[in-house]
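Each chain is listed here by its residues.
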Amino acid sequence: MSTTTQPPKIQDSRTGTSRAAQLLGDRRLPVVVTATLFLAMYIVGLSRYQNYGFGEPQVFLNLFIDNGYLLVAAVGATFVILSGGIDLSVGSVIGFTTMLTAWLVEKQGLPILVVIPIALGVGAFGGFLMGYVIHNFEIQPFIVTLAGLFLFRGLCLVISKESIAIDDSSVSSMAQAQVQLGAGFLSIGAIVALVVLTAAFYILHYTRFGRRVYAIGGNEQSALLMGLPQGGTKIAVYTVSGFCSALAGLLFTLYIQSGDPLHATGMELDAIAAVVIGGTLLTGGSGYVLGTLFGVLVLGLIKSIIQFEGTLSSWWTKIATGVLLCAFILIQRAMTARGKT
Amino acid sequence: MAEPRPVLEMTGIVKEFPGVRALSGVDFRLFPGEIHALMGENGAGKSTLIKVLTGVYPLDGGTIALDGQPVRIDSPFQAQQAGISTVYQEVNLCPNLSVAENIFIGREPTRYGRIQWSRMRKEAAELVDRLGLDIDVTAPLSSYPLAVQQLVAIVRSVGTGDSDGAGAGTKVLVLDEPTSSLDRDEVLELFRLMRQLRDEGVAILFVSHFLDQIYEICDRMTVLRNGTLVGEHLVSELDQVGLIHLMIGKEMDQLEGLHEQQLHADVGEPLVKADGLGRQGGISPFDLEIKKGEVVGLAGLLGSGRTELARLLFGADQPDSGKVSIDGKQVSMSAPNDAIAAGVAFCSENRKTEGLVPDLTVRENIILALQASRGWTRPIPVAQRDELVAKYIKALDIRPANPEARVGQLSGGNQQKVLLARWLITQPKLLILDEPTRGIDVGAKAEIQKLVVSLSEEGMSVLYIAAELEEVLRLSHTIGVLRDRKLVAQLANGPEITPTRILETIASGEHQ
Amino acid sequence: MTTTPRLRALTQHHLFWPVAVLVVLLLINVPFTPDFFSIKMTDGHLYGSLVSIVLFGSPLILVAVGMTLVIATGGIDLSVGAVVAITGALTCSYISDQSDQGALAGVFLAMGIGLVAAVVCGLWNGFLVARMGIQPIIATLIIMVAGRGVAQLITDGQIITINSEPYKLIGGGYWLTLPFSIFVVAAVVAVTVALTRKTALGLLVESVGGNAEASRLVGIRSRRIKIMCYVFCALCAGIAGLMISSNTSAADGNNAGLWIELDAILAVVIGGTSLLGGRFSIGGTVVGALVIQTLTTTIYTIGVPTQTNLVFKAAVVIVVCLLQSPKFRAKVFGNKFGPGKRTKGGDTTSTAPADAAPTTTAAPKMEVS
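Residue numbers (numbering that gives the first Met the number 0), protein chains in the order written: chain C, 0 to 340; chain L, 0 to 511; chain H, 0 to 368.
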């Protein structure tokens, strides 16, 4: 990425000559803010809980292990939100995938390696269907994915009302596999999450599809008039989100080693919150998937700190998330208000 | 100039909308290497013709030929493929992406599916450079002012089709009012680019409301009026007065009596005084006085600032300078609320987007303004409401005379009457009518004009904007003439004021 | 299909489809439960499937009625579920702190505190939407996320149980042979209808939602109107919160009102109010909420496993939304059902249906491959 050189000639009328205004105009600002916030929280954590082992590298790596599934789901949500849409079905698809996987492995006796592509395919197909309806019938994404939320949560219950524990040995060996990493280790789930993150970064910045996602989020009408296949892109975006949710479901299954119809209830909110805190505009078109990583890490760190604090109860996580969400929405508002003048 | 074969020929173009024939058999041709102006007032069919050409509207009749070959254009995408690119007044690019991306999106240079950013930036920079522009292609588009964004849109359309940077892909470049919000330097930069493209052989179709610009840049012009072709002329062979004559036309009808009536009417005390009221990019500061019972007409071409002037007087836009007083009291015009409270009413020229609430009924639309001024806690009593609505439906002859009808389903003339009724019910001191007769049938036109005269007799002041000069002349006591966003003259109406006189004032831009 | 004018007028009434769906759902029950429509009197209380549908649907009706106004302004309120939880939590925790939980004064004060909290939430939402200009879906997401945390904070993560006779009345008591909550719902619906149709509020709300710019130009103070709608919506959610916590005599910060915002939005949409704002119908919303509740009851009575409830709900959402989508109607039924609905652009009007579908989709599809 280049640094902005001083614009010549007509560009003198470029708005916002003050440094503050320029800073506010930089699209990378929110990511920097989130990264700084993460660092600051981490340093505060270090100074407060150093005697309790907060400084261990593994504590940091655990952020990835404990939130790998959320990262994958949030990456999928990033695609949708960048394109100017929203996907409420994330949590349900995750829950459904845990149930489907557990059921296929435990009750049907299928090997996990067969189950994985099935689960991913179902998730992606679900996303495709939602995208198809959204684009072809011009129904608001909010409503369509709400129907998806009900449908997949309902399908969970159709499979079973009870939770299904997974005792399959190959699954548990996968779940317990550790990848040594100098001073600590990562789980398979965390590795997959990081791979997904890298792939998403590549797709969004180095493929035509990725740039179309940004273009549609920036101005759908323009994208259409510029001759971009905006319908296909929209459908693809929801397919990606469905796929990521299913993958997140698989990682969640590994993490928790059971299927339960109520798993990941409301996780779409966590995913959306992570994306927004990571600096992606909910109106679409602006943001970075790297920001989503920091968004997830910040949410994860809040949980860790609350654990370390000991006296704080779990609901502070929600309150802190809401407060952060509010702060970032107001920052975004300030940025877009400036952009309009 | 020897006439080579036209690159674009449109013959017998017909386009109909429910109830309106927007284009009836228009011919249009465009030669390579020329800048061609498309002229006409509101409703003349300019934008419809452009939309047919660029594939936004399907054709109802006629043929389009490119380079002598008949073509079918069903979508903007197909138009681009065929070599017809369009740049609209509102820039259709993605402000969140960089300049280079906006130029290349959809045809980015890739290798094995990976976008080659450095190559793309280099090519974009070269293209921009070749066209003599000085733009940092890596900066986000939104960091540039609208003028530059427009130039980028042109660069994109010129580059469309092939990535080697030559303008070979685009044969026809349509520029739909690109200059309406640019300042002088920006316009010059745009013109320089247009000339360069013309010299490279691109045919440019240019729409602008600024006559000076037309005479400065264009080689040839086609004039439309009421959906028909009035003529095609070399710019050098048609002077401004002649052009305005062609655009506005002459329409003599049975309303002559009104004129006499107005000329002999007395007007009263000053009601509205505007002092140096103005808004950057809208209209230069102006002074205007409107007396009680006076009809002030605004004459000027579309885009001359007549609507902008009206909107300032209503607080629909906020002025940067000047003040307004009504009945001797200064009024802060920061929002329509203030103007309404002071007794000003405003019928916008955009009935659909700024006037009607299409889902509501005729009755609800009629009482909306009165109700808004009473606040939600004091509904108009049902009996009084129904009586008022019935009275105005009858007085204005709104059809169907059904207060329960959804207003979106009424014809244009009846919708206009609903809007008039909405404001008349509030008994305003000053009624601003922005093109109240546009897009409605002849009968309704006459009724609305008669209504204006009788309102003024009852002592209501009216600010009347119309594209047809006869209308303005017929109704007004005083005529304000606008040109290029300036109020250039205020003429007291009288026998010596003729359409020709006003046309000359518009054309010369000077008080004579 | 031949439609006589009268039938056509009937099918075009805005309540026709919601009511038709409701009636069909009710009739489906009859073969399975022959005495479905009968109402018995036991111990001076009326019992019967119909009574219980209204009873169980009460909180949803309340929330959906408030939501209708917000949606009519062109907004949406995702925070109602959280508001339900906060109100219940505050009220119950205050009552549980009293030495005499049955004291009327204490109960009224507790309810007052809960409702004030709800109003504060509504003001906050309204402030963000109307003053700060933040998209409603985003603005209300904040309380949706943080609100449940606050509710749990109030209850200290516990489920607070109380034992208060007067409080029990709202959600679980009987009055004049009927469940008391039916009277509460009736009162709120009546107040809402009066508020919107006897004053000019309804007209102004529809105007703001129908054409924001035109509303500004006739001098409607749309900010105030919007803030009022968000406050009213939150207040309705608060009352629903009282009802839910009273019914169970407990406040559960985590689960009270879970998903109710989604059900409420669904009820509004089924009731025929467009998510884009403008025209709204309180009656339609009530019917819509009853449809959702009846669906649940029906699934239970016809012996389909209750867990498929959500799948059915999803199916209903999809069917209702598809039926309301002009594009879907144009594609499936031709132009018969979608006259006059499509405006703007004039690009898809008046061509034969067989032509219309391909031309509208051709452009985007071409490049997909």
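Read the hints as simulated data drawn from the structure, not as lab findings. As the structure is a computational prediction, the values presented were derived from the model and not from experiment. One or more hints might be untrue.
Said to hold, decoys possible - Listing some non-contacts, in silico: residues in chain H with all C-beta distances to chain C over 12 Å:
(1) 16
(2) 111
(3) 142
(4) 164
(5) 197
(6) 302
(7) 313
To be verified - Distance windows between CB atoms, simulated:
(8) H:46 <-> C:47: 34 to 44 Å
(9) C:182 <-> H:108: 29 to 39 Å
(10) C:171 <-> H:103: 53 to 63 Å
(11) L:390 <-> H:31: 32 to 42 Å
(12) H:104 <-> C:57: 33 to 43 Å
(13) H:212 <-> L:340: 15 to 25 Å
(14) L:349 <-> H:13: 26 to 36 Å
(15) H:302 <-> L:377: 30 to 40 Å
(16) H:160 <-> C:162: 50 to 60 Å
(17) C:330 <-> L:191: 50 to 60 Å
(18) H:332 <-> C:193: 48 to 58 Å
(19) H:13 <-> L:16: 20 to 30 Å
(20) H:212 <-> L:32: 53 to 63 Å
(21) H:189 <-> C:261: 29 to 39 Å
Ideal Cβ placement from N, Cα and C applies to all residues, glycine included.
- Task: Taking the shortest Cβ-to-Cβ distance between residue 16 of chain H and chain C, state whether it exceeds 12 Å.
- Result: Answer for residue 16 of chain H: holds, closest chain C Cβ roughly 16 Å.
- Message: Is 32 to 42 Å respected by the C-beta to C-beta distance linking residue 390 of chain L and residue 31 of chain H?
- Response: 58 Å, violated
- Task: For residue 330 of chain C and residue 191 of chain L, compare the CB-CB distance with the range 50 to 60 Å and indicate the outcome.
- Result: The hint (50 to 60 Å, Cβ to Cβ) is violated, given that residue 330 of chain C and residue 191 of chain L are roughly 41 Å apart.
- Item | Distance restraint evaluation - residue 349 of chain L, residue 13 of chain H, Cβ atoms, bounds 26 to 36 Å | 28 Å, holds
- Message: According to the definition I'm using, a residue is off the interface if its beta carbon is farther than 12 Å from all beta carbons of the partner; does residue 164 of chain H meet that for chain C?
- Response: Answer for residue 164 of chain H: holds, closest chain C Cβ roughly 30 Å.
- Query: For residue 111 of chain H, is the shortest beta carbon distance to chain C beyond 12 Å?
  - Reply: At roughly 24 Å from the nearest Cβ of chain C, residue 111 of chain H sits farther out than 12 Å, so the non-interface label holds.
- Query: If you check the beta carbons of residue 46 of chain H and residue 47 of chain C, does the distance land in 34 to 44 Å?
  - Reply: Violated: the Cβ-Cβ distance is about 59 Å, outside 34 to 44 Å.
- Item | Minimum Cβ-Cβ distance from residue 197 of chain H to chain C exceeds 12 Å | 32 Å, holds
- Message: If we take the beta carbon of residue 302 of chain H, is the closest beta carbon in chain C still more than 12 Å away?
- Response: 15 Å, holds
- Do residue 160 of chain H and residue 162 of chain C keep their Cβ atoms within the hinted range of 50 to 60 Å? 26 Å, violated
- Task: Could you say whether the range 53 to 63 Å given as a hint is met by the Cβ separation of residue 212 of chain H and residue 32 of chain L?
- Result: 43 Å, violated
- Query: Does the claim that residue 313 of chain H lies off the interface hold, with its Cβ farther than 12 Å from every Cβ of chain C?
  - Reply: Label violated. Min Cβ-Cβ 4 Å, cutoff 12 Å.
When each numbered hint is compared with the structure, violations occur for hints 3, 7, 8, 9, 11, 12, 15, 16, 17, 20.
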